[in-house]
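Student: Following the hints, complete the assembly by docking chain W onto the known chain H.
Number of protein chains: 2
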Amino acid sequence: MKFVVIGGDAAGMSAASRARRLLPDLEVTVLEMTEDVSYSACGMPYNIADPDRDIDDLVVRRADVFRQKQQIDLRTGHRADVIDPRKRTVSGHGPHGEPFTLAYDKLLIATGAVPVMPQVPGHDLPGVLGLKSLADGRRIKQFLAGPAVKRVVIMGMGYIALEMCEALRGRGIAVDMVKPRARFLPAMASDLAQVVHDELTANGVGLHLGRTVERIEETPDGLVVVCNGLRLEADMVLSAMGVLPSSTLAKEAGLDLGPADAVAVDGYLRTSDAHIYAAGDCADAIHVVTGQKTWIPLALRANRAGWAVADNVCGNAVALDGVAGTGVFKVFGLEVARTGLTVDESRSAGFDPVSARIQTRSRAHAHPGAGKIWVEMVGDRASGRLLGVQMVGTEGVAHRVNAPAVALHGQMAVARFAQSDLAYAPPFGPTWDPLLVAANQLLKQL
Amino acid sequence: MKFVVIGGDAAGMSAASRARRLLPDLEVTVLEMTEDVSYSACGMPYNIADPDRDIDDLVVRRADVFRQKQQIDLRTGHRADVIDPRKRTVSGHGPHGEPFTLAYDKLLIATGAVPVMPQVPGHDLPGVLGLKSLADGRRIKQFLAGPAVKRVVIMGMGYIALEMCEALRGRGIAVDMVKPRARFLPAMASDLAQVVHDELTANGVGLHLGRTVERIEETPDGLVVVCNGLRLEADMVLSAMGVLPSSTLAKEAGLDLGPADAVAVDGYLRTSDAHIYAAGDCADAIHVVTGQKTWIPLALRANRAGWAVADNVCGNAVALDGVAGTGVFKVFGLEVARTGLTVDESRSAGFDPVSARIQTRSRAHAHPGAGKIWVEMVGDRASGRLLGVQMVGTEGVAHRVNAPAVALHGQMAVARFAQSDLAYAPPFGPTWDPLLVAANQLLKQL
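Protein chains in written order, with this note's numbering: chain H, 344 to 789; chain W, 344 to 789.
Just chain H, with the same shape it has in the complex (with noise of 0.2 Å):
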């Protein structure tokens, strides 16, 4: 049997591997157009931080090794232009241009994710580079390497965004960071916005809100990202707008597509095609808590559909149950942390939402060193479901947010999670969790 893959990264070779040792005798085949495969992106923001430290330490598995160890059929360099479902054939062209066509027997696509580039007039200036690949990361750090570089402007406030701000400031670097809409970190509460604006604020980096980027000018003393009623100068300047599935292959070959044109899958990772599967950044889910299609690209439903895929393919059903949108991130002195639905979330998705925002201790009353956390909880008014957490904080606030996510898995109710017998010791929280505090007071309103 021939398993092809689309794709090298997360998803692809998540599954490559699996089906490899589930069964040895299958024929896997990945093709991926870069020359990279099997890198942690997300670790990009933290290497970048650290001139001392080589973009290739982010490479978890190098590709001699799914070749000669694993016997996988790697092709980097190689593009899939064209799926044809009905031959079942996948073709494209290597790395000098030379076309191939492959047959399968069944199908991954796993194209990941593209980053949104901003196409006004001077986009494609020297200095001015996207975050995506480990290829992006490392002309971002050839860049840090040369003539001094003291002001870089981002476009975009995502995660990716405020990670490299942080590992810029790091470097000494001056950061200002635009966005067109008016609206800081709109997947948190915006009290709990308001607390990581200020971080940034404190950490002496500019925020430009409502500042749509008209075009990038090049200057005797570098660049000019001219935006609506502001003119920023940077020696650099970083796209990190956010991403788009990256499903043209699919759509082209007729597979249905979902929520943001992501390859709409079953549980079971299969495409709207008996035989071809998706998996990762360009596939979609079901959310936990709508039990509504999502399209959240994440790096541990990335690997973990890959494995489902490769049980699938080598014929152990395995269907996901879906995702809860649990993120965190961390910016100079903050945790942030979310999972399940905001309250804005949950109004569209048609519940009822109601919200308890607290803000109390990382530690035990009169223990040392405690800093501040801040707790948002939204529960339905109707069946007074658990819907979604958001949570800021100084420290706790990470490994804090699964609790809840294992509740939203759970359909628990918020009086089943005010219930729950948590952890206490005076240097790693109240006794009263911030999750009790925040459910305790959402009860209330219910």
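A couple of the hints might just be wrong.
[As the list claims (entries may be wrong)] Per the computed footprint, the stretches of chain W lying under chain H, defined by three or more beta-carbons under 8 Å from a beta-carbon of chain H, are: (1) 428 to 435; (2) 583 to 595; (3) 658 to 671; (4) 717 to 727; (5) 754 to 763.
[Claimed, not checked] Ranges of calculated distance between the beta carbons of each label pair, as one might list FRET restraints: (6) W:A662 to H:G610: 32 to 40 Å; (7) H:D695 to W:A725: 35 to 43 Å; (8) H:F675 to W:G676: 22 to 30 Å; (9) W:F675 to H:R396: 26 to 34 Å; (10) H:T555 to W:Q537: 57 to 65 Å; (11) H:R396 to W:P602: 48 to 56 Å; (12) H:G714 to W:D695: 39 to 47 Å; (13) W:G597 to H:G610: 37 to 45 Å; (14) W:G676 to H:K787: 55 to 63 Å; (15) H:R724 to W:D448: 30 to 38 Å; (16) W:D695 to H:Q485: 56 to 64 Å; (17) W:D564 to H:F675: 52 to 60 Å; (18) H:K787 to W:Q702: 51 to 59 Å.
Quick caveat, the hints were computed from the structure, so don't treat them as lab data.
Think of the CB as a built atom: it goes at the ideal place given N, C-alpha and C, for glycine as much as any other residue.
Tutor: Relative to the frame of chain H, chain W by itself:
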């Protein structure tokens, strides 16, 4: 209506305060035998660690606040000696030995726990101290502030004993610990307990397992703790051999007792007498994993149960689900946590336990500063249910344990838990959270 509370710490004062808020006309009387109410007993080791901090910093709310602001008739120095359930009275004596008898409509027994004290010769020598009440903490601090204490022997190796060990080592004091049983930290899987054992010895602590204290002797140089085959010199001896429920009053009143002779209560915290409640460390609880009665004295449960009693006394019927036995402590560079059952406990409870033990990194691949995390996860072969988790690690353990705790409340199967959408970012863990790695391993065996 008259609501009388015996015991003025977590459960008792939580109940009194909340009952007062819920029913302003209620007559609320609290009998507390010591002079201290509402303090953070769990904070004592950390307070003792710092010579410059006052032990009274641990008081959460002062007695006069309860008396004046909340108009609670709080009687410190008042010991309850007899409960007469037929007459609905409590009799006892006040600070000068004066007798009193109080009538009640509803009574709460919140007498807490009593420390296990070794009844060996010399246990009452000066310099042999317990650690349960705030007065004990005061005595220890006074003793440490006196003539140089260079060597301490701690009897016991439980959570509190280990926290005290760290506090004393932090003050430059040599510490030896003894316990009669041969097994270190039986509440943890043995490999994980070994990690903690090694951390203690690496910090210069003498661990003497399988040593029964036979007597404590006074010498011109200080004290000697004499065990079977071992003599340990000390300037101070600390007894931290665990606690037992303080249930004598309840027993003598004819109330039913549960495990460990804790006062037996139902979900509404009602004892076998319809007018008497019990809450806190003196009372038992349902274990959410076994569905059976258990006795696990923990601060959060005490507070929660106190609130529930207030609700029930005031006519808002509130039942508690039970406890998962979630606990965490810090010792030197390690966080140690557990929830649910160990393999041994699972077997005792009638399950057919299977366990997986993994070791992984606390941060992502290639992220600097990562430490180690060990996880043991236990599932039931027959039902596939998650039964418990134990974790040890240099970081990221304390709050991570809350996710499986919530899963235990939801009676979740390991297969469902393994699908949880847990948070990932490079500073906080690998893409596959250590809990998911453990769950995936466990699934292979289930």
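Student: Please go over all the hints and tell whether each is borne out by the structure.
Tutor: Consistency of the hints with the structure:
1. 428 to 435: violated (count 0)
2. 583 to 595: With 0 residues close enough to chain H, the hint is violated.
3. 658 to 671: Per the Cβ count (9), the hint holds.
4. 717 to 727: violated (count 0)
5. 754 to 763: holds (count 5)
6. W:A662 to H:G610: 32 to 40 Å: 36 Å, holds
7. H:D695 to W:A725: 35 to 43 Å: 40 Å, holds
8. H:F675 to W:G676: 22 to 30 Å: Given about 25 Å between the Cβ atoms, the range holds.
9. W:F675 to H:R396: 26 to 34 Å: Between W:F675 and H:R396, where Cβ atoms are some 30 Å apart, the hint holds.
10. H:T555 to W:Q537: 57 to 65 Å: For W:Q537 against H:T555, whose Cβ atoms are near 60 Å apart, the range 57 to 65 Å holds.
11. H:R396 to W:P602: 48 to 56 Å: The hinted range 48 to 56 Å holds for H:R396 and W:P602, with Cβ atoms some 54 Å apart.
12. H:G714 to W:D695: 39 to 47 Å: Between H:G714 and W:D695, where Cβ atoms are some 44 Å apart, the hint holds.
13. W:G597 to H:G610: 37 to 45 Å: 57 Å, violated
14. W:G676 to H:K787: 55 to 63 Å: 40 Å, violated
15. H:R724 to W:D448: 30 to 38 Å: Taking Cβ atoms as reference, H:R724 and W:D448 lie about 36 Å apart, which means the hint holds.
16. W:D695 to H:Q485: 56 to 64 Å: 58 Å, holds
17. W:D564 to H:F675: 52 to 60 Å: Check passed, 53 Å falls within 52 to 60 Å.
18. H:K787 to W:Q702: 51 to 59 Å: 43 Å, violated
Comparing the model with each numbered hint stated earlier shows that hints 1, 2, 4, 13, 14, 18 do not hold.
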